[in-house]
Amino acid sequence: MLRIGGARWGYICLHREAGAPFSRQEIAYVHLLAPHLAEGIRAGVLVSSTELADVADAPGLVVVAPDGSLLSTTEAGEL
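Residues 0 to 78 (numbering that gives the first Met the number 0) make up the sequence shown, in order.
Hints were generated in silico from the structure; no laboratory data involved.
No incorrect hints appear here.
Here are the in silico distance ranges between beta carbons for each label pair:
no., residue 1, residue 2, range
1, E74, S22, 48 to 58 Å
2, A64, L31, 35 to 45 Å
3, R7, T72, 25 to 35 Å
4, D66, H14, 53 to 63 Å
5, Q24, A64, 39 to 49 Å
6, C12, P65, 46 to 56 Å
7, E77, R23, 49 to 59 Å
8, A64, E16, 49 to 59 Å
9, S68, R41, 25 to 35 Å
Beta carbons: idealized from backbone N, C-alpha and C, even for Gly.
Full structure from sequences and hints, please.
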């Protein structure tokens with residue numbers, strides 16, 4: 000399972016020829032990679048969902064500095 004914070008974002012199924020089991024080091028390496036792969040999938044889903052949103056209906060985002068100056072906005076935040 001590819002998980003982040005208890006949420007599942009994907010699944011990996013690895014196969015090898017009969018008689019050649021995975022070593023403990025290989026298993027540990029996949030465990031190390033799994034959260035990074037899950038984060039990549041999560042980020043991809045989030046990015047693709049924002050690209051599909053109609054700007055008029057999308058929530059706007061405005062980032063303001065501690066002094067109140069504008070740092071950045073999304074297109075919907077400018078409306």
